[in-house]
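Once you have looked at the hints, place chain B on chain A.
If you're matching them up, the sequences are chains A and B in order. The opening position of the first sequence corresponds to residue 11 in our numbering, with each subsequent residue numbered one higher. The opening position of the second sequence corresponds to residue -16 in our numbering, with each subsequent residue numbered one higher.
By construction, these hints were calculated from the structure, which means they are not laboratory data. As the structure is a prediction and not an experimental result, all values here were calculated from the model. For glycine and all other residues, C-beta sits at the position ideal for the given N, C-alpha and C. Please note: incorrect hints may appear among the correct ones.
Claimed, not checked - For each label pair, taking beta carbons as the anchor points, the in silico distance ranges come out as: (1) B/ARG172 - A/ARG97: 55 to 61 angstroms; (2) A/ARG97 - B/HIS46: 52 to 58 angstroms; (3) B/PRO61 - A/ARG97: 55 to 61 angstroms.
Unchecked claim - In silico negatives: residues of chain A with every beta carbon more than 10 angstroms from chain B: (4) ASP19; (5) LEU31; (6) GLU94; (7) SER117; (8) SER126; (9) ARG229; (10) THR253; (11) ARG258; (12) GLY270; (13) TYR306.
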Amino acid sequence: MRHLLSVADLGADGIAEVLRLTDSFVEVSGRAIPKVPALRGKTVVSLFYEDSTRTRLSFETAAKRLSADTMTFSVASSSVSKGESLRDTVETIEAMGIDAIVLRHRSAGVPWRVASWVRASVLNAGDGWHEHPTQALLDCYTIRARRGVVAGLRIGIVGDVKHSRVARSDVLAFTALGAEVVLVAPPTLLPPSLEGWPVTVAHRLDDVLGSLDVVYLLRLQRERTTEALIPSLREYRSVYGLTAQRVRRLPADALVMHPGPMNRGVEIDAEVAGDPRSVITAQVTNGVAVRMAVLYLLLGAGSDLVGDRPAGEEPAPVVAAPERVAVGGPERG
Amino acid sequence: MAERERAATPPRGGVFVPRTTVMDAADLRRAVTRIAHEIVERNHGLDGVALIGLQTGGVPLAHRLHEALLNVDGTDVPVGSLDVAFYRDDIGLRPVLPEEVTDIPFDLTGLTVVLADDVLFTGRTVRAALNALNDYGRPHAVQLAVMIDRGHRQLPIRPDYVGKNLPTRFDEQVDVSSEGVVIGDVVPR
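Here chain A stands alone, though its shape is the one from the complex (with noise of 0.2 angstroms):
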């Protein structure tokens, strides 16, 4: 595989393999020295067209725990602001020699596009409401990391859906490896059809919360919600924020997950955030270590294992040169 731009490209064996090598990374990343050599030399740019912190230091975080070489490209103070396209911006980046562009965009579907353009691996780390792969990633990691699988857990989506690619991924990811997905928002903050979701629907917090394993709490997105969408933030956390009172009726086993940055007393008291079944500050460490898998298996050993070699290509000489002979064995010494 090359580029990771959507959670649909990895499948459920997909999923499974990357949460399977994120074990390894959470390994390394609890050392006294945190880093490997595994991708020395290689380049990884980070190129963001919308804020971002978390994601994008998690990224290059993760980056430098490999051993590759970090850039940060700002938007604010590139060629950007004279007025240069995104493609002579991706195609200047490349002609630099890096190994992956990791992307964020205000609009749908630019990853794919500039996977189009280069030949460096493409991370969509984003795109408009559409998807957000690795964080999907790293909430199925955090959820298999406390309840030991995803597989026949009821999880609860609340809130935006409508504006959120974070929902968009988690439901491809959770349905993929088993899981109940119920979105919990009301009419106007759902999209307009949800034909083809393998989703159930439900109008009120309240109707759901005691049968839930993951409540999944989306950020109210107020710089993407025009205000007619919900009548006041007062009521919306009436009916759909996690409340104290709330938190109180989850199981004792049920985890409370979101994918930051909070709005504290809007989707999430501020106090629920510390509870114990809060495991919101494990998904930004795991969300770490599941970048690494992902950049180690675009450019590191992935290539052949998971995904997308064309068909009717042959998967690798039988007579191999004596460098790297056969099986098992050879190299092992």
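Then chain B, alone, in the frame of chain A:
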């Protein structure tokens, strides 16, 4: 030998065809016992000695050595396992994925670490392991125990404890399991 690595390495999904059994289970047991004695002798006891098996073939050997050291000397030395995938020098040349998560539940700074592996071949795994160990601490010394030394070294690495020296062709396969050591070939399925 790791099924996963076998499946991922060319020729993909090759089948191991055994030719000759060079050690049986009893030979293996005797070799483990002898190596355990040699470890005790060489280190004047087992103070500050730890075992680390290299994933995956070295891990059972490390545990067998641990048991043998318990019998020989009555000392319960710490055991860990190390996966060197991220330290290999052939990342990008072939699929390199970890088999298992590294598990070193002790600080190895100041210890004499005995690395254990099933087969010593090119020496590249051991090179990777030496680099990896440095990221876990600074051992006082590192020694190398292998069940089979099959030659063909590509790096200046030599074992301290050897179960059996086994001359091989470069393209042969050596398979070590609890039942014994078998030499054979891998043919495409």
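Verification of the supplied hints:
no.: 1; hint: B/ARG172 - A/ARG97: 55 to 61 angstroms; result: violated, 45 angstroms
no.: 2; hint: A/ARG97 - B/HIS46: 52 to 58 angstroms; result: holds, 57 angstroms
no.: 3; hint: B/PRO61 - A/ARG97: 55 to 61 angstroms; result: holds, 57 angstroms
no.: 4; hint: ASP19; result: holds, 18 angstroms
no.: 5; hint: LEU31; result: violated, 7 angstroms
no.: 6; hint: GLU94; result: holds, 32 angstroms
no.: 7; hint: SER117; result: holds, 33 angstroms
no.: 8; hint: SER126; result: holds, 24 angstroms
no.: 9; hint: ARG229; result: holds, 33 angstroms
no.: 10; hint: THR253; result: holds, 39 angstroms
no.: 11; hint: ARG258; result: holds, 36 angstroms
no.: 12; hint: GLY270; result: holds, 27 angstroms
no.: 13; hint: TYR306; result: violated, 8 angstroms
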